[in-house]
Amino acid sequence: MLLLLTLCYTEFKGRCVTINPFVYQLEDISKSYAGKQVLSVDKLVIEKGKFYGIIGPSGAGKSTLLRILNLLEPPSRGNLFFNGIPVTKMGKHILDLRRKMTMVFQKPILFDTSVYNNVQYGLKARGYTKKDITKLVHIALDEVGLTEFANRNARSLSGGEAQRIALARAMVLKPEVILLDEPTSNLDPANVAMMEKITKRLHEKQGTTVIMVTHNIFQAQRMAEEILLFFKGKLIERGSTDKIFNNPQDERTAAFIKGEMIY
Amino acid sequence: MADIWTGLLQAAKLIVSLDSELLAIVFLSLRVSGVAVTTAALIGIPLGAFLGMRLPASVRWLEKLINTLMGLPPVVAGLVIYLLLSNKGPIGHMELLFTPMAMITAQTVLAIPIITGLSLVAVRDKHKEIRDTAVTLGASQQMVIWTVIREAKRAIVAAVVAGFGRVIAEVGAVMMVGGNIQGSTRVMTTAIVLETRKGNFEFALGLGIILLTIAFIINSLLYRVQGEVRNN
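From first to last, the protein sequence lines stand for chains V and F.
Add 58 to a position in the first sequence, counting from 1, and you land on the number used in my numbering.
Add 1143 to a position in the second sequence, counting from 1, and you land on the number used in my numbering.
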């Protein structure tokens, strides 16, 4: 399964690092809170440049998985690799890895300052010059159709506008991976459509790997190339969107996509 | 009732005529409480921020202790500082008792728990909300800390103002360690007590009005600062 390319593609800490086609590899990953296991994944690989939809009922461990992938919290057990590099052994270099990915949450938390300052935040963290920041922020605001909001306080925006700014703030970083945790569940249909269009464009234009958790199975069907279905902390089925929706192998998957799963 | 009106009229005259004794008392009050609150803020804000971000559940008793100290009776703070500064006390040789420095020390002790406790709560609330977002945007640890403090700044400003309100209005501690010496350690609150006892109501009322006016100005400044923070 793990087809590793043995070419010396890049160097890390002076050593030759084997590069592979997977952005994430998870081996025997589990996460427990107060002794209760909420996630347990034996093996999972995420390919570079693909659009993934993670679906499943509440309490399936979807958001926990995203937090582990975003290196926000370590797994209780198991091995996680990012671009072939074991994350557990990274120590202080975890910041360098985190800067290759970003996440948009269900509830957009914007800082109590201008829209411009919000969008430039990650660029400033990465040490971009003022000139580059100005250029990139304006491109990002243009992408989400909110250029004229640059000088407004971010807290004065509507829910839909705030989420578009959160997306612009993530996109401007040109991440290798963007993790979306139910980013449209609180939005009206017009903003949902806009968010989907922007995300799809980002994926297609920049080749960004997108991993989106969603409660909306139709959204997953519209957006994702591959679906991962979680149930009670376990990955029960994965496959192309077409296969999952037209020919599910697991009866729980079949029940879930028909909306018949009672949980 | 007539006494109050006469008193208010006399008080207004005193204020308008810029009575030198009155002014000296007002300026000393502002100096003592200003220095005390600045010192308490320099200690309390970083301490509150640190505890708000890092306080593990196992030492939550520390938070309870701070909350208890927020209600520390000024006379108790005054008594402790008195014992420390008196001739037989551990730092009695510094001869600070009955000086403005002793009053600043007592008020600093009173303001620290308030500023620390309120900053702690403000920072902890923001920390939960802000940390994850800042981290996912690639912020370093220092940048996360700075962002959390910046997001909590309005509540921190309110904490400092609450501290100032507490110390400028307290009388017990400054009376005990300052001694209410005319021209040296007499501040607005101790002067109000003395003048009332003497039956000199207009002077006491004048000071009372100034005290309230200062509180009003400080609150207005707070609203302005908070407004500016919001628009930044």
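If you're looking for bench data, these hints aren't it; they were derived computationally from the structure.
Keep in mind the model is a prediction, meaning the values are calculated, not measured.
Any given hint could be a false lead.
[To be verified] Calculated lysine-lysine pairs in the DSSO-like style (CA-CA distance at most 30 Å, straight line):
(1) V:Lys-182 with F:Lys-1231
(2) F:Lys-1156 with V:Lys-232
(3) V:Lys-165 with F:Lys-1271
(4) V:Lys-182 with F:Lys-1296
(5) V:Lys-193 with V:Lys-316
(6) F:Lys-1156 with V:Lys-189
(7) V:Lys-158 with F:Lys-1156
(8) F:Lys-1156 with V:Lys-94
(9) F:Lys-1296 with V:Lys-292
(10) V:Lys-263 with V:Lys-290
(11) V:Lys-165 with V:Lys-232
(12) V:Lys-188 with F:Lys-1341
(13) V:Lys-94 with V:Lys-193
(14) V:Lys-165 with F:Lys-1296
(15) F:Lys-1271 with V:Lys-290
(16) V:Lys-188 with V:Lys-158
(17) V:Lys-165 with V:Lys-292
(18) V:Lys-316 with V:Lys-258
(19) V:Lys-290 with V:Lys-108
[Said to hold, decoys possible] Beyond 12 Å from chain V on every Cβ pair, some chain F residues (computed):
(20) Asp-1146
(21) Phe-1241
(22) Val-1278
(23) Thr-1279
(24) Ala-1282
(25) Ser-1283
(26) Leu-1337
Where is the CB? At the ideal position from N, CA and C, for every residue including glycine.
Tell me, which hint numbers fail for this structure? 1, 2, 5, 6, 7, 8, 9, 10, 12, 13, 22, 23, 24, 25
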